[in-house]
Amino acid sequence: MPASDNDPSMGQSTPRSAAYRIFWLGRYIERAEGNARLLDVRYYGGIEAGPGGTPSAPWESALRSLGLWEAFVRTGLPVTDRHVAEYLLRGETNSSSLLRCIEQARENANGAAPDEIFVELNRLYLLVKSTATEEIWRQGLHEFISGVIRSIHTIGGMIDRLWA
Amino acid sequence: MQGRIEYSRTISASPNEMFEGEAPRPLYRTLLSTLASIGGDAMLDRDRRADELNIQEGVTFLLKPGEERILPVDWVPRIISAKDWDRIERGLTQRVTALNAWLADLYRGRQTIVPDEIVKSSLYYYPDCAGFSVPHDIHIHIYGPDLVHMGEGRYVILEDNTRIPSGASYALKYREISKRLFTECFTGYAVRPVGDYPQRLREALQAVSPREGEPFVVLLTEGSYNAAYYDHKILAERMGLPLVEPVDLEVDSDHVVWLSTSNTRRRVDVIYRRIQDLDYFVPGLSQAYVRGQVNLANSWGSGVVDDKGTFPYTERIVKYYTGEDPILPIATTYSPLDPESRRYILDNIAKLVVKSRDGYGGHDLLIGPEATAEMRDQFRKRLEEEPGRFIAQECLDFSTHCLSKYEGDRIRLKDTFVDIRTYVVSRPGGAWVMPGGITRVAQEGTRIVNSSSGGMIKDTWVLAE
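Chains A and B are the protein sequences, given in the same order. The first sequence finishes on residue 164 if you use our numbering, and the numbering steps up by one all the way, no holes. The second sequence finishes on residue 1465 if you use our numbering, and the numbering steps up by one all the way, no holes.
It should be emphasised that the hints constitute simulated quantities derived from the structure, not laboratory data. Note that beta-carbon positions come from the ideal geometry of N, C-alpha and C, so glycine has one too. Wrong hints could be hidden among the right ones.
[Claimed, not checked] Estimated spans, in silico, between C-beta atoms of each pair: (1) A/Glu135 with B/Ala1350: 52 to 60 Å; (2) A/Gly76 with B/Met1375: 48 to 56 Å; (3) B/Asp1252 with A/His142: 52 to 60 Å; (4) A/Ser130 with B/Gly1240: 28 to 36 Å.
All chains should be built: construct the whole structure from the sequences, respecting the hints.
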């Protein structure tokens, strides 16, 4: 990991607290991307019939794989495509929603990563937080998620350039 | 051409910096015609885009944890002529030089100008620093005084800020946004850049290392929940200094300060500290400091000058230590500890400003002419009970600038009081003054300009010629 003596970005001058936060920044944006992709695949995969007809509980397995099935059931929401999708995107009680992952990534980046990275994450955070629900469905869930993933890749590229 | 700009004079006792009577002053003619050609609709649109940019780029302060706010900015800039600025620059350099010399004498037990009872009762006087000399006798590395303009280039010092003056990063950031969104307003003006500040400050901090060799400088922040965290992180990044939190620092049994990094530890020479309570955050830090193992900016004891009780004596400090008359006067200030002054204050409270010695940010003060009879009585009572806690200043009719309102295509400009927060970097052998700063605009009808009291901010242009 080459870093000059006075390079504050990494190596000999990165304070331990910043290194710790950068680690979590990485974890959270990976989780955000993974969850977003899972939602995308399951949502559109459920539109066509599967082998042997439509499975009886397509969302239950997806939510179980994220460790969120019990929490979702507790919300009392019906298990419909739209309710599950909105729960995974920004469900208020969902501590690993896309919004919460991005929020956590943003908080960890703040001051620990170069400001350029924070600003990009902040834009993404504002997009996911502020886009009206109706607007997401008007665009199409896939279009919205694709935009999020493109932005995550931009951030990943910035991180790679600094610490590859 | 200027049909779309309307100016109404509402504060007649004060000079307005943009207009003389109803006529634009020469300094502002070009800007006003540019604004007229942009028009109110387009200005309003850019105003909103500027707010949007501040939100997107996180140019915020924390109101309380979890509540980020952008500062309200009026994008019609304030302009200061080269001639006026030259005087300010010389005046601030003279003043910070004298204040540094006085602090050095104070902690060597040699100062005689400020009464002992004031110094010793100051919240920021640290007896632990007595007998201790700081590198190059610089206590105030970053000086952030607030000035007001009385007209005709006569600027007056209203307050000294010598502990942890904040906000320089906003001056840098608002200039950037100003250039991006209001580009054509710069036409016809040779505006001096403010962006050198981080580099100058970095050099000044490196120059006061207590050790030989390449100095290692860090910026110490309380963390992301501090209201000024934006300022901390942006300055650290632009100075190329690690932004460290208290948990990253450790003081060993030889009183050496170490930074724990991701893979090793490094000895720290200079800490640009944005915290006040050293030992509370980093146990042993004050001992490391007074033993000369690490330097702090600003010095631990520098806050005595922030205490408004010291303020009435600062003109004498300047005269004594520089042998010259002060280039920049201070607002006439009275100490109620003096019986004659006390009587004067009690009799004339309606035309004075009374401030508590340790108040800041526009809090715990009385502006006589703007106050109700009840408020005046309340302060009179407090003054009589605890005269040592207050000072009083003449209420100045300092300059106004304009608050901009956009109505359709029209631009309406209204009188509003302004001050300026400046940033001065002391270094061995001199000082450097950021050519610009933060002009703070009061809400309509008051002289309190602090953003924590609802004021706005203007980009401040210092002209090269």
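We went through each hint and held it up to the structure:
1. A/Glu135 with B/Ala1350: 52 to 60 Å: Roughly 57 Å apart at Cβ, these two residues keep to the hinted range, so it holds.
2. A/Gly76 with B/Met1375: 48 to 56 Å: 54 Å Cβ-Cβ, so the 48 to 56 Å window holds.
3. B/Asp1252 with A/His142: 52 to 60 Å: holds (57 Å)
4. A/Ser130 with B/Gly1240: 28 to 36 Å: holds (34 Å)
The structure is consistent with each of the numbered hints, conforming to all of them.
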